[in-house]
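*Asks:* Letter by letter, the chains look like this.
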Amino acid sequence: MDYPINSAEPLVMHIDLNSAFASIEQQANRMLRGVPVGVAANLSPGGCVISPSKEAKVLGVKVGFRVRDAQALIPNIRIIAPDPDKYFYVHKQFSRLFRDYSPDVVPLSIDEAAINFKGTLGIHRQTMEEIGQEIKDRMRDEIGDWLTCNVGISTNRFLAKLAAGLHKPNGLDVITHDNLRDVLGSVGLMDLCGINTRNKTRLHLNGITSPLEFLDAPVWKLWKEVFHSVNGRQWFLRLRGWEVDDITYKRRTYGQSYALHHFTNNTEELSKLMMKLCEKMGRRLRRSGNFAYGIHVGCGYRGFSGWHKGQKGHTKLYSTQDLYNAAMKLLEYRPQAPFHQVTHIWVNCYGLQSAQHVADTLFETEESRAFKLADAMDAINNRYGEYTVHAATMSGMDEQIIKRVPFHATTDTLSEIYDDSEEFAGVA
Amino acid sequence: MIEKVAEPVTVHTVYRPDRKVALPWRMEWRHRDYTFNKVDLCHPVWEGKTLHHVYSVSDGKSYFRLDFNTRSTGWTLEEVADGLPN
Numbered sequence: 144m145d146y147p148i149n150s151a152e153p154l155v156m157h158i159d160l161n162s163a164f165a166s167i168e169q170q171a172n173r174m175l176r177g178v179p180v181g182v183a184a185n186l187s188p189g190g191c192v193i194s195p196s197k198e199a200k201v202l203g204v205k206v207g208f209r210v211r212d213a214q215a216l217i218p219n220i221r222i223i224a225p226d227p228d229k230y231f232y233v234h235k236q237f238s239r240l241f242r243d244y245s246p247d248v249v250p251l252s253i254d255e256a257a258i259n260f261k262g263t264l265g266i267h268r269q270t271m272e273e274i275g276q277e278i279k280d281r282m283r284d285e286i287g288d289w290l291t292c293n294v295g296i297s298t299n300r301f302l303a304k305l306a307a308g309l310h311k312p313n314g315l316d317v318i319t320h321d322n323l324r325d326v327l328g329s330v331g332l333m334d335l336c337g338i339n340t341r342n343k344t345r346l347h348l349n350g351i352t353s354p355l356e357f358l359d360a361p362v363w364k365l366w367k368e369v370f371h372s373v374n375g376r377q378w379f380l381r382l383r384g385w386e387v388d389d390i391t392y393k394r395r396t397y398g399q400s401y402a403l404h405h406f407t408n409n410t411e412e413l414s415k416l417m418m419k420l421c422e423k424m425g426r427r428l429r430r431s432g433n434f435a436y437g438i439h440v441g442c443g444y445r446g447f448s449g450w451h452k453g454q455k456g457h458t459k460l461y462s463t464q465d466l467y468n469a470a471m472k473l474l475e476y477r478p479q480a481p482f483h484q485v486t487h488i489w490v491n492c493y494g495l496q497s498a499q500h501v502a503d504t505l506f507e508t509e510e511s512r513a514f515k516l517a518d519a520m521d522a523i524n525n526r527y528g529e530y531t532v533h534a535a536t537m538s539g540m541d542e543q544i545i546k547r548v549p550f551h552a553t554t555d556t557l558s559e560i561y562d563d564s565e566e567f568a569g570v571a
Numbered sequence: 005m006i007e008k009v010a011e012p013v014t015v016h017t018v019y020r021p022d023r024k025v026a027l028p029w030r031m032e033w034r035h036r037d038y039t040f041n042k043v044d045l046c047h048p049v050w051e052g053k054t055l056h057h058v059y060s061v062s063d064g065k066s067y068f069r070l071d072f073n074t075r076s077t078g079w080t081l082e083e084v085a086d087g088l089p090n
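Sequence lines, in order, name chains A and B.
491 is the number that my numbering gives to position 348 of the first sequence; each next residue is one higher, with no gaps.
68 is the number that my numbering gives to position 64 of the second sequence; each next residue is one higher, with no gaps.
Isolated chain B (complex conformation) (with noise of 0.2 Å):
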């Protein structure tokens, strides 16, 4: 089931030099830590002049959609998805 959320929230980024990108792997939505271990698609949307990276990402136990604002440099948390139909 997808969920849409649209909820700032704080995430821990590492830089990974060998392939020159900054990846989201951990999270804190609802005073719960979610670490991810895979990231499956990065792709941007231009609002206007800004760009928005999406992370689509994943724990292992559930799906995240994340969006990075590189104009105010803020996360929102867009979507959560557990895999069940809706």
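Chain A with its partners taken away, still in its complex shape (with noise of 0.2 Å):
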């Protein structure tokens, strides 16, 4: 296979709003505008810092930076927590406007997105750096005057990307097969989206230490030597500027995750956290209208150690009760020595079955009173508020477990999670 480099028209934009959720902050309170200010998922000195702003950033704060970290190297940042309804809002905002350039709009996160503009009219009337520029200003005039974004322009998603992160903050560059070494030579490995340190190391192992290495090596090595399987053929057609990313994977599973403050071997208080992870799960389980077969569940211990297990049985898990005791029976077989204190918790579903293959009985059964029990309690919940009716076991955990920002989440993730049945005005 010899694919030359695509000389297509560059009609892949991604756009990528900077520093996302602390910029959202410092729109919303103009105190913090100007200032450095980190959004912490906790706000204890051990909390990670998931979006340090512009201003933070220069200083030498990065993501990932734990509160204490931050605060020795800026003394004066504000550490303040997420507000997910702000973001999602937000990020439907940014999807609304970029559907008035296209119908073709991919959201890859909360706060970035993949245009496609083939085939639309707007590209008859303006060039694509030229509707670049046009969705900046709306952003700033139309959203919030303190957003900023980064737009890359290219043939494929991956190379939009990348020509997004050229310039940051408030970049807007295009890459096209003209200048496509060019801007290859200037980066890294790691700055390609994908290469992670692995993958660096593969790539080193077979002799390619650059991207223009990476741009040069024949498709055989890459598939045969490098990556040992297809995706050696999707890194050689991806950088030449050839789509390969616009797959949509269907969803087999649901999960919730929680890492805990306190680390614990005690089963009542995991048992606690299991009911509010299975609820939050069986929501977003009974929501896409399916049950699962197969439960898993996992913890990670201090000291970097971890256990898991997975049963799939013939019983239909649709109600969080359900779930909850298919979970605790799995996490009955964890290792319970004093030692072992569990500092992560999590849990999925599987094996999903669309809820409307279920033939309805002509007398009522077990599972067809739950399923309906379960059904009733949603839609109390959807009427009243989250929790409105629980299990008694997840008594006084208002605090625990709460609302949090899904990172990489598309649109239709971010829709399970967040209310947004009705379209809302916003005030720019």
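Hints may be right or wrong, so weigh each one.
[Said to hold, decoys possible] Computed, partial: chain A to chain B, Cβ under 10 Å:
no.: 1; residue: N172
no.: 2; residue: R173
no.: 3; residue: M174
no.: 4; residue: D226
no.: 5; residue: D228
no.: 6; residue: V233
no.: 7; residue: D284
no.: 8; residue: G287
no.: 9; residue: W289
no.: 10; residue: N524
no.: 11; residue: R526
no.: 12; residue: E529
no.: 13; residue: T531
Since the hints were derived computationally from the structure, they do not count as laboratory data.
Glycine residues also receive a C-beta, built at the ideal position from the N, C-alpha and C atoms.
Dock chain one against chain two, each of which comes alone in its own frame, and use the hints as you go.
*Replies:* Put into structure tokens, the structure is as follows:
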């Protein structure tokens, strides 16, 4: 296979909101503008900074810093808690704005999206750069005057994302077949989205030390020697500007996880957490119209060890109670020595089947009653708010396992988590 | 410094026919009047089927987070901030 570099007109745009959560907080609270801000998942010294503002980044704070490290570097940094509803609202406003230009908008996470302009009328009136600049201006005028974004334009999503990362913040770059080699010559392997430490090591072991050498590597080498899979072929095409990432995967699991503030191996404490995780997972499962046959639970222990166990059976898991019972049955198998202090706990359900395929029975059964009860409880919570009715095990858990920002979530996932049943006119 | 308040307050709104929105422009809180010069963000929060409009506003010196409950039609001042670190 000898594919040339894609010389088509670049019609894929990648848009990435700069320092998204911190910028949105600065948009809402103008007292925070121009000062270093860090949005942290947890405000305690060990909490993780998930979004430093542009001002904090200039002073050296990066995503993933501990709160204590950020405060040591910038003593006057404002550390604030995330407000997921606010971020989801801005995400929705972005998506609305992008759909004014093309129906083919793919949210890649809560703060970035890819727009395919192929076949749209706009490209006959304006150049892609003009459209990119117009989107930046409209974002400022219609969503928030403090919000800036990076725009990247190319022939596929991968190169468009690379272009969007070239000049941060507030950049606008285009990668075409003319400047592809120049751009790849100016970045490192780890600047390529999808090349992590392990992939970098793989490439190094095969004598590929730069993106340009990666581009020039033959497909057989990438396939047979570097990646040992079809991934090698995909990288070969991706680097040449051909689209290989426009695949939508069917959802196969629903899951929730939680990092404990207070490490424990007490089964009673873990069971309360597991009940809330199962309630959140069950709500999403039922909203999707599915039930599950399999359940998988796991925990992380102090010292970075872990344990997990899954089981698939013939029982339909639909209500929170069914999911919880199945999860707790598996959790009993975990190592329970005193030093096995749980730091993380997670649960997934799999083996999904549509609940519509359950045949109605002439007489009520335990199963059909459990399905109806779960639906009735969901209807009450939908009307009066989350956890209006819940299992007694969950009592006193209002402040635990609260709504979090789902990174890398698509609009579908976000809609499962957030209520957005009606459109809402913003005020910019 | 951000201070959680959660107190009901008196809010005066103004309707902007050009943008078809009603915006808070004055608030009475603890025997003081605050006039807002900017609504920086307004986002919805759903509590079951009850829609809350959350307004992030400023009077130039402080930031206020106001909640309008569309079911009870009541206003609540949720947060005040002066921009200093906590």
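*Asks:* Next, verify each hint and record whether it holds.
*Replies:* Hint check results:
Restraint check, A:N172 versus chain B: the minimum CB separation of about 4 Å is within 10 Å; hint holds. Against a cut-off of 10 Å between C-beta atoms, the interface hint on A:R173 holds, since the closest Cβ of chain B lies about 5 Å away. This hint holds: A:M174 has a C-beta 3 Å from the nearest C-beta of chain B, less than the 10 Å allowed. Interface hint status for A:D226: upheld, as the beta-carbon distance to the closest one in chain B is roughly 9 Å, under 10 Å.
For A:D228, the suggested interface contact is upheld, since its CB lies about 5 Å from the closest CB of chain B, less than 10 Å. Hint status for A:V233: holds, given a least beta-carbon distance of 8 Å to chain B, under 10 Å. Nearest Cβ of chain B to the Cβ of A:D284: about 12 Å, over the 10 Å cut. The hint is violated. For the restraint placing A:G287 at the interface with chain B, the shortest Cβ-Cβ distance is roughly 6 Å, inside the 10 Å limit, so the hint holds.
Interface hint at A:W289: satisfied, since its Cβ lies 8 Å from the closest Cβ of chain B, which is below the 10 Å cut-off. Taking 10 Å as the C-beta cut-off, the interface hint given for A:N524 holds, the closest approach to chain B being about 7 Å. Interface restraint check: A:R526 against chain B, minimum CB-CB distance 5 Å, threshold 10 Å, status holds. A distance limit of 10 Å between C-beta atoms decides the matter here; for A:E529 the minimum to chain B is near 8 Å, and the interface restraint holds.
A distance limit of 10 Å between C-beta atoms decides the matter here; for A:T531 the minimum to chain B is near 7 Å, and the interface restraint holds.
Checked against the numbered hints above, the structure breaks only hint 7 and satisfies the rest.
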